Amino acid sequence: MNGYNFAYLDEQTKRMIRRSLLKAVAIPGHQIPFGSREMPLPYGWGTGGIQVTAAVLGADDTLKVIDQGADDTTNAVSIRRFFARTAGVATTTHTAEATIIQTRHRIPEEPLREDQIIVYQVPQPEPLSKLEPSRAETKRMHGLSEYGLMHVKLYEDITRYGHVSISYDYPVMVNGRYLMAPSPIPAFDNPKMDMMPALQLFGAGREKRLYAVPPYTKVASLDFDDHPFRTTRAPQVCGLCGSGVSYLDEVVTDDKGGRLFVCSDTDYCETRRAEGHAGTELAA
Amino acid sequence: MNDDTLLSARGLNLRFGAVTALDQVDCDLWPGEVLAIVGESGSGKTTLLNVLSGRMAPQSGVVWYRDPNGHLVDVHAMPAPALRALHRSDWGFVHQNPRDNLRMGVTAGGNVGERLMAQGSRHYGNIRAEAIAWLEQVEIDADRVDHLPRTFSGGMLQRLQIARTLVTHPRLVFMDEPTGGLDVSVQARLLDLIRSLVRRLGIAVVLVTHDLAVARLLAHRVMVMQRGVVVESGLTDQVLDDPQHPYTQLLVSSVLSA
Ligand SMILES: Nc1ncnc2c1ncn2[C@@H]1O[C@H](COP(=O)(O)OP(=O)(O)OP(=O)(O)O)[C@@H](O)[C@H]1O
Ligand SMILES: [Mg+2]
Chain A
1 MNGYNFAYLD
11 EQTKRMIRRS
21 LLKAVAIPGH
31 QIPFGSREMP
41 LPYGWGTGGI
51 QVTAAVLGAD
61 DTLKVIDQGA
71 DDTTNAVSIR
81 RFFARTAGVA
91 TTTHTAEATI
101 IQTRHRIPEE
111 PLREDQIIVY
121 QVPQPEPLSK
131 LEPSRAETKR
141 MHGLSEYGLM
151 HVKLYEDITR
161 YGHVSISYDY
171 PVMVNGRYLM
181 APSPIPAFDN
191 PKMDMMPALQ
201 LFGAGREKRL
211 YAVPPYTKVA
221 SLDFDDHPFR
231 TTRAPQVCGL
241 CGSGVSYLDE
251 VVTDDKGGRL
261 FVCSDTDYCE
271 TRRAEGHAGT
281 ELAA
Chain B
1001 MNDDTLLSAR
1011 GLNLRFGAVT
1021 ALDQVDCDLW
1031 PGEVLAIVGE
1041 SGSGKTTLLN
1051 VLSGRMAPQS
1061 GVVWYRDPNG
1071 HLVDVHAMPA
1081 PALRALHRSD
1091 WGFVHQNPRD
1101 NLRMGVTAGG
1111 NVGERLMAQG
1121 SRHYGNIRAE
1131 AIAWLEQVEI
1141 DADRVDHLPR
1151 TFSGGMLQRL
1161 QIARTLVTHP
1171 RLVFMDEPTG
1181 GLDVSVQARL
1191 LDLIRSLVRR
1201 LGIAVVLVTH
1211 DLAVARLLAH
1221 RVMVMQRGVV
1231 VESGLTDQVL
1241 DDPQHPYTQL
1251 LVSSVLSA
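Protein sequence lines, in the order shown, are assigned to chains A and B. Residue numbers for the first sequence follow this note's numbering, so the first one is 1 and each next one is one higher. Residue numbers for the second sequence follow this note's numbering, so the first one is 1001 and each next one is one higher.
By construction, these hints were calculated from the structure, which means they are not laboratory data. Treat the hints with care, as some may be off.
To be verified - The following label-pair restraints were derived from C-beta to C-beta distances: (1) ALA220/A to PRO1081/B: 18 to 24 Å; (2) GLU132/A to MET1056/B: 34 to 40 Å; (3) GLU132/A to GLY1042/B: 31 to 37 Å; (4) GLY35/A to ARG1200/B: 56 to 62 Å; (5) ASN5/A to HIS1076/B: 26 to 32 Å; (6) ALA26/A to ALA1057/B: 32 to 38 Å; (7) MET1056/B to PRO215/A: 55 to 61 Å; (8) ALA1188/B to GLU132/A: 36 to 42 Å.
What the hints assert, rightly or not - Computed, partial: chain B to chain A, Cβ under 10 Å: (9) ALA1080; (10) ARG1088; (11) ARG1099; (12) ASN1101; (13) GLY1105; (14) VAL1106; (15) THR1107; (16) ARG1115; (17) GLN1119; (18) GLY1120; (19) SER1121; (20) HIS1123; (21) GLY1125; (22) ILE1127; (23) ARG1128; (24) ASP1146.
Keep in mind that this is a model prediction, so the values were computed, not measured. Ideal placement from N, C-alpha and C gives every residue a C-beta, glycine not left out.
With these hints in hand, go ahead and build the complete structure from the sequences.
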């Protein structure tokens, strides 16, 4: 690693990010500005998440990187390689073996533990950005915990579609105080954030914001008493491992329109298959 | 300040460069009372409304408000969150142009329900029922509840704004030329509606208008402003039927000759 600092970023920058992370942990769900650095990856490739990971990574950590639940996409592979090269840390695809999990679009199916940290890549940290374009105004709304506008959006959805139409990045209240964007994870994953034993860190590189949810913090998806938040998943079981509870992706299997529903969390699926579970596809 | 005064201002001053918008203005408002601020364009009416409602700070002077618990609060010394909370619930503000207040991309029901949601209402069915009840109170058909305001006429938009404002049962509503810019026949209907709502609900109103006919129809008392100075004030009929100040006499006569 000659010529490289541990985990790419210089010590000064990592200290700055850690200071922002400490603030973020102290005020759960509150966005903290930070001096986001240029990274050797374009924005949209998780530069915010990478900087957070770089700042908390230690030599004895084991890193897992997922993208849409999978460890083997280009994005996940290149980030994992990046840290293997710049920090020499061990990497894994097994959720249970990881101490730090950097993620885009999913939370692993396997419940996380107190000795783990999950780092989310965040494109848009401001949950009110679509409703209120002025940053000064959204700042005021957060300051005063004035979130009626978000409920107006939910009200309009129910009026128009009979239900809340947000399926990704479904807004949550953290610790009863701050409205937070959980990043574009499916609403299906929202309940996993509530009272999670692991530390949850969020990094938005382009928007230069960090935020956090400390272990065992209340995270509630916004809803109405008479239209309570509900998760949805495809009604199928996984074609490969037979799971009837995991989040499924629909994949095209051939050019004749064949389709298959499989776990989006590849490690969860492989682990189940290794344990002897099988879906319709493998049984056939 | 009297024991049951709702709002009271003393010695308000505000200058914009060489322009004196408010010059030693005093003002008192009792619960359920409608006070009209009249005067020609540029006399300081809107500025006074903004200062009374805490939206704009005076250079000197004080505005007291008696909150629902009976405590006197200094409007310009309140922490911002408390003032915003007041504006969200116990106070209302009706703008001349309803588009300045309404969310044009949100249904009528959502517009009326917003203040309820801001106060913590979390039952969709109740919010919607309340919105429908308020639409009916302002004479908008219940079946318009899911329509966007952009399909509403000017008069309907103003009535929608009033429903959106009154839904939290404010004790005090500030109105700036609420019938300005509307056709005469539409104005008449709106004035009737405002008068009956305000009477029935016992709402106190500070009403800015340059139209003395509007003041006569709605207000218990009027304050006449000229270049930032209150030149005359008193019971509406007294001031308009027997104006003492030359400026008021001019205003009244120009209305009569109009
Ligand atoms: N923000 C400002 N900056 C500079 N001058 C201002 C400002 N606001 C008001 N003024 C001036 O203060 C005076 C009073 O204005 P104000 O808007 O209160 O009058 P008004 O009685 O409401 O008039 P109108 O009937 O036209 O609405 C005017 O001379 C106006 O030009
Ligand atoms: Mg004005």
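Structure-based check of each hint:
no.	hint	result
1	ALA220/A to PRO1081/B: 18 to 24 Å	holds (22 Å)
2	GLU132/A to MET1056/B: 34 to 40 Å	violated (23 Å)
3	GLU132/A to GLY1042/B: 31 to 37 Å	holds (33 Å)
4	GLY35/A to ARG1200/B: 56 to 62 Å	holds (58 Å)
5	ASN5/A to HIS1076/B: 26 to 32 Å	violated (53 Å)
6	ALA26/A to ALA1057/B: 32 to 38 Å	holds (33 Å)
7	MET1056/B to PRO215/A: 55 to 61 Å	violated (46 Å)
8	ALA1188/B to GLU132/A: 36 to 42 Å	holds (37 Å)
9	ALA1080	holds (7 Å)
10	ARG1088	holds (8 Å)
11	ARG1099	violated (17 Å)
12	ASN1101	violated (14 Å)
13	GLY1105	holds (9 Å)
14	VAL1106	holds (6 Å)
15	THR1107	holds (6 Å)
16	ARG1115	holds (7 Å)
17	GLN1119	holds (8 Å)
18	GLY1120	holds (9 Å)
19	SER1121	holds (8 Å)
20	HIS1123	holds (5 Å)
21	GLY1125	holds (5 Å)
22	ILE1127	holds (7 Å)
23	ARG1128	holds (8 Å)
24	ASP1146	holds (6 Å)
The structure shown violates the earlier hints numbered 2, 5, 7, 11 and 12.
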